[in-house]
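Colleague: Here the protein sequences line up with chains A and B, keeping their order.
Residue numbers are given in the working numbering: position 245 of the first sequence equals residue 245, and the series is strictly consecutive.
Residue numbers are given in the working numbering: position 6 of the second sequence equals residue 1006, and the series is strictly consecutive.
Don't take every hint at face value.
Said to hold, decoys possible - For lysine-lysine, the following DSBU-like pairs were computed, each having C-alpha atoms within a straight-line distance of at most 30 Å:
#, chain 1, residue 1, chain 2, residue 2
1, B, K1062, B, K1155
2, A, K41, B, K1304
3, B, K1170, A, K41
4, A, K226, B, K1155
5, B, K1170, B, K1141
6, B, K1057, B, K1108
7, B, K1304, B, K1293
8, B, K1170, B, K1260
9, B, K1170, B, K1108
10, B, K1070, B, K1141
11, B, K1366, A, K41
12, B, K1404, B, K1391
13, B, K1070, A, K41
14, A, K41, B, K1293
15, A, K41, B, K1027
16, B, K1366, A, K183
17, B, K1141, B, K1119
18, A, K226, A, K147
19, B, K1168, B, K1108
20, B, K1404, A, K41
21, B, K1095, B, K1074
22, B, K1062, B, K1170
23, A, K41, B, K1168
Please keep in mind that the hints were generated in silico from the structure rather than gathered at the bench.
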Amino acid sequence: MQNISYSIASDLLKNKAIFIYGSLLAVLGWGMFLIESQPEKTILALLQITLIVVPLMTGIFATIYYYNSAEFVQLLLIQPLRRSSIIWGIFAGLTSGFVLSFLVGIGLPLLLFYPTTASIHLILSGIFLSVIFTGLALLVSTHQQDKARSIGFVLLLWIFFTFIFDGILLWTMYQLADYPIEKSILFVTFLNPVSVARTLVVMQTEAAALLGLSGAIFQDFFGSLKGSFIAILALIIWGVIPYLFIKRKFLTRDF
Amino acid sequence: MLTRSGMIALILFFHCSLGANTITVGKNLSVKSIAQALTLVKNGDSILVKKGTYHEKTLMIKQSITLFTKESAKIDAQGVANDLLVIFADNVRIKGFQFVNVGVSFLKEAAAIRLVHCKNVIVENNKIDSCFFGIYIEQAKNSIISDNQIRGAFKDEASAGNAIHAWKGKALSICNNFITGHRDGIYFEFVNNSFIENNKSQYNLRYGLHFMFSNDDGYENNIFQDNGAGVAVMFSRNIIMRNNQFIHNWGGASYGLLLKEISDGSIDKNQFIENTIGIMAEGANRLTISNNKFMLNGTAMDIKGNCLDNKIIQNDFVANTFEVVTNSKQNNNFFNENYWSNYSGYDLNRDSFGDIAYRPVNLFAKITNEVPSATFLLHSPFVRLMEIGEKIFPQFIPQSLMDKRPKIKPYADD
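From just these sequences and the hints, can you work out the full model?
Modeller: Shown next, in the form of structure tokens:
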């Protein structure tokens, strides 16, 4: 089992695409700190990168990788190996490759130039987003024979979670502006891993703009240790549930 | 308005011209208490108080005297809620004492030092600790309050007093004081032609400095830090605010400077750093806000729709989450030649001003103003997308609220 994930991870690290992804993050992560004199602003820029680039790249790469390694997977399936250990190997190998690129590209400069709780939360968010979107990509890929359709679907998921979800949320807020909806919004947020990741970091950086009654409610929740804990728990669930579906499909699938 | 040194010279001249005795008060001397000494003085005399703690009831000064100590004698009210020292006479000078433990009362405003109907009084170099009110000025003229340290340890606003409280006054000079832990650091009500300079007011429960119905005053070179709600200037005219620092006034209902129903003043060369809201303006008219620096505030300026004809020129706005917020579609104020760190235009003709006008009101700021719960979407990629769209095709933010000549580099770097 470890062998499969190890070989996939090492194969991924030799992959040109993952190298480009890693170097893109590194250029952004290290470069931002070198040109921007205010680390408070840099961390916000890196937050945007983490929220937009990480889900997109991991999702697309994981999908492409899964289809490109279809023959390798079939080869593995012939061997006397358990299917559950094969799919775990693929999942773990892919995520460790992405997480490693993220840590080197964004995590390391954050820890070196701006070691604060906000940075640590951003790194955690980045790691979780890598895992979650790899999971979502594999979920789509295992349920879909056609590579192009899978990529399209993963792109749609990405657009939905990064942009459309917040758009719908904002529209709802306008419709229900007269009601005390803050608590319900808190729960709705957990339906979107990107929102949870964003909130986790924002609450650590800029309390100022979030003050006022609504802000205070969010601040009370996410600013506290309990809030951070629940948010991280939500992200873990977002990582685990797609994997369970992937596994179920992979075990019963006819190759 | 008399300058401070001019006032001192005048008062000193007055003191010297009378020719005077000095009565010394000490535990081992024939005059053992200040109250006793006060019965012996006539106009122009001095009372020198030796080292020690003096438990006094209310001391009434009815002659023009100098009451001073060189060894920071302590006058203790022992928690009784009565004034410790009341000055009824003109030309009085109080110097070097420690006043402690004036009790809290909900019926009267007991203070360590009270000035009543007097002029040319100097209160300097005193330390006032744990007193309900520090220095209470009631109808005084031409007086100086300087180099005092006033410390309170209040926990809640309702039972706290102000450190320097002036009710009706003219030509007062409040300078070089250090104030902390009271309700309002300095409170002015019906005080005209007065000047507040070089004070540091911090960790007060309400405002660092509070103006009500006071006209033609100025404050310069003060530091207001970590107060409940910064500085409030309300219902006043012609206030000059220059070179002050408003730092880290942070909290749910907090701001650096609150302007409410004020007109014809100027706000010049101040620094607003890390406040929830830098300047909050409601009904502020004909003010000139220039050469200030707004840095790392949640909102740099919240300027409501009822503010008219203000000029906001040549300020630096650096790294604020929101630069300008308003609740109106109209704009009746004039923004020009400010530096905005979020500006991304260019300067082809190299005159150091950007060629494209800048709209500092951010769409998201407007949204949160209408739907407060939308604060939750701060830094959401979707909000970013909307802002870019709004910048290209402005629809929602006030069209006329724009800076036609945004500066390319901060003034601080020139």
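Colleague: Check each numbered hint against the structure and report the violated ones by number, ascending.
Modeller: Hints 1, 3, 13, 15, 18 and 23 not satisfied by this model.
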